[in-house]
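Novice: Sequence:
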Amino acid sequence: MTAQAGLPQALRAEFATWRRSAVARLPLAGLAFGLVNTVVLFGIGSGASWQGVFAHQNLWAVFAGPMLTALLVASSARIDRAARGGGTWYRPVRPVFRRLSRFTDLAARVLLLNFLAVVPMLLVIGLLTDVTRIPWGRAVELVVVLWASQLGVVAMLLWLAMHVGWLVVLGGGLVWTVLGVLYAESPSWPFLPFTWMLRGALPIMGTHANGITLPPGDPLATASPWAPMLLGAVLAVPFLLLPRLNRPVSRAPRQPEPQRAAQVAAEAERPGDPRVLRAMLTTLNRTALWWLCPAAVGLVALWLPWHDPARSVELFTLVVLPIGTSVLGMVIWQATGQGWRAVAARSTGTTGPALALTGIALTITALVSLTTALVYLAAGLPLAHTWPIALTGAVVGAMLTAAGLWLAIRTSLVISVAVAVIGVLLGILIGGTGLQQHLWPFVPWAWANLLDPPRMSITLPVSAAATVAFAFAAIRAAHRKAADS
2 MTAQAGLPQA LRAEFATWRR SAVARLPLAG LAFGLVNTVV LFGIGSGASW QGVFAHQNLW
62 AVFAGPMLTA LLVASSARID RAARGGGTWY RPVRPVFRRL SRFTDLAARV LLLNFLAVVP
122 MLLVIGLLTD VTRIPWGRAV ELVVVLWASQ LGVVAMLLWL AMHVGWLVVL GGGLVWTVLG
182 VLYAESPSWP FLPFTWMLRG ALPIMGTHAN GITLPPGDPL ATASPWAPML LGAVLAVPFL
242 LLPRLNRPVS RAPRQPEPQR AAQVAAEAER PGDPRVLRAM LTTLNRTALW WLCPAAVGLV
302 ALWLPWHDPA RSVELFTLVV LPIGTSVLGM VIWQATGQGW RAVAARSTGT TGPALALTGI
362 ALTITALVSL TTALVYLAAG LPLAHTWPIA LTGAVVGAML TAAGLWLAIR TSLVISVAVA
422 VIGVLLGILI GGTGLQQHLW PFVPWAWANL LDPPRMSITL PVSAAATVAF AFAAIRAAHR
482 KAADS
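Plus 1 on top of the position in the sequence shown (first one is 1) and you've got my numbering.
In case anyone wonders, no lab produced these hints; they're calculated from the structure.
Among the clues, some could well be false.
Said to hold, decoys possible - Label pairs and their calculated CB-CB ranges:
id	residue 1	residue 2	range
1	105	188	31 to 37 Å
2	193	214	21 to 27 Å
3	216	286	53 to 59 Å
4	124	296	40 to 46 Å
Using N, Cα and C, we set each Cβ at its ideal position, and we do this for glycine too.
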């Protein structure tokens with residue numbers, strides 16, 4: 002009988018598995034965010050004090066950091082499932098050792114992610130002022146608290162990834178993050194696990210969860226960060242010990258994606274009548290698009306009865322549209338990319354199917370934008386304010402959709418999500434504040450919120466031209482992907 006591998010062997014194998022993968026490169030997104038965050042800090046003129054520097058880390062703590070952590074877990078689960086564990090599922094390793102080694106590997110990368118996001122800003126400010134006055138003790142405290150508080154979420158999402166798809170894991174991380182921001186300052190925070198990931202960092206940064214500086218004498222400013230940090234770390238223990246739930250046996254096993262893509266491509270290959278568009282629509286039948294799109298419109302519809310429509314436009318232009326267009330390209334390519342070589346082997350080639358997929362994505366974006374504008378109109382927004390929402394949503398959304406599709410095809414889903422997270426955050430930061438007066442040309446994720454005619458006369462033609470360029474690039478990338486697969 003083969004002896005079972007111990008924990009040290011499992012740990013070495015786990016770190017070696019991800020050494021040159023997208024999971025190993027993902028922490029560099031923290032470095033990219035840290036550098037961009039530093040530029041934004043100088044743009045708003047808050048780089049004069051160290052207190053302002055730490056307060057500016059709120060952007061990372063409340064959204065970008067947790068979402069990239071969730072992406073790290075979801076990406077490893079997606080790659081592992083696609084490769085069927087690379088054969089490690091069938092090795093003589095105890096399940097708890099396998100899970101603990103994966104958790105340890107992810108925990109090390111989450112630590113690197115937080116380090117690269119926080120330290121660059123301190124180094125830049127220190128080099129421009131006085132490097133000897135950098136508050137390294139407070140910086141180390143912030144990195145450690147952020148990292149340890151996220152360990153429970155890493156273990157929770159890792160356990161969730163064993164039962165559901167990676168998009169659901171990413172969605173679970175988003176819900177957990179939003180709930181944490183909403184209830185981080187609630188008196189009942191010790192009983193709300195989703196607050197532990199953020200609560201400990203607030204007194205170190207000196208801000209409320211919404212980024213506003215804590216006033217002198219505020220109890221939160223003198224609160225200890227260690228209790229929520231320890232709670233967040235201890236949360237990992239039960240999820241590491243929970244067994245995997247048995248999956249119910251489906252009555253009709255789902256056809257593998259490559260076979261299904263090849264089948265619809267074969268159905269499209271009819272003499273004199275290549276029904277490429279119909280084949281591509283069939284490929285997308287079982288994707289999440291058919292409930293994600295109505296859910297996006299439904300979110301706006303549920304929000305409006307309790308809020309002023311004129312003040313709620315940013316919900317669609319800065320949140321729903323940028324996130325939705327990013328997810329749209331990723332879902333479409335995930336459904337078709339695995340069988341793309343089989344599609345390329347047909348007489349239709351890849352140009353027609355890629356063009357059909359691009360057209361489908363742009364049509365969905367336009368329909369969602371038009372439907373959402375009608376929802377605003379029904380909620381009482383004047384027609385003069387509604388038609389710019391539909392127009393900018395369709396045109397700017399088309400640009401973001403084509404760019405997201407090209408990025409998903411040309412690079413990877415991991416890089417696509419990382420770019421989307423950082424882009425959406427910058428769009429909310431700049432498009433929803435006074436920073437848009439000067440920085441709006443550099444943040445296309447916020448262009449749909451620029452509804453005044455002078456700036457629409459710039460953003461709409463540029464977005465239309467960019468849509469054509471990205472669509473052409475996506476078609477070329479799809480052709481190259483088939484040749485390289």
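Novice: Compare the structure with each hint and give your call.
Specialist: Do the hints match the structure? See the list:
1. The hint said 31 to 37 Å for the Cβ distance between residue 105 and residue 188, and at roughly 35 Å that hint holds.
2. Checked against the hint of 21 to 27 Å, the pair residue 193 and residue 214 passes, with Cβ atoms roughly 24 Å apart.
3. Roughly 55 Å separates the CB atoms of residue 216 and residue 286, a value that falls within the hinted 53 to 59 Å.
4. At about 42 Å, the CB distance of residue 124 to residue 296 agrees with the hint of 40 to 46 Å.
No hint from the list above goes unmet by this structure.
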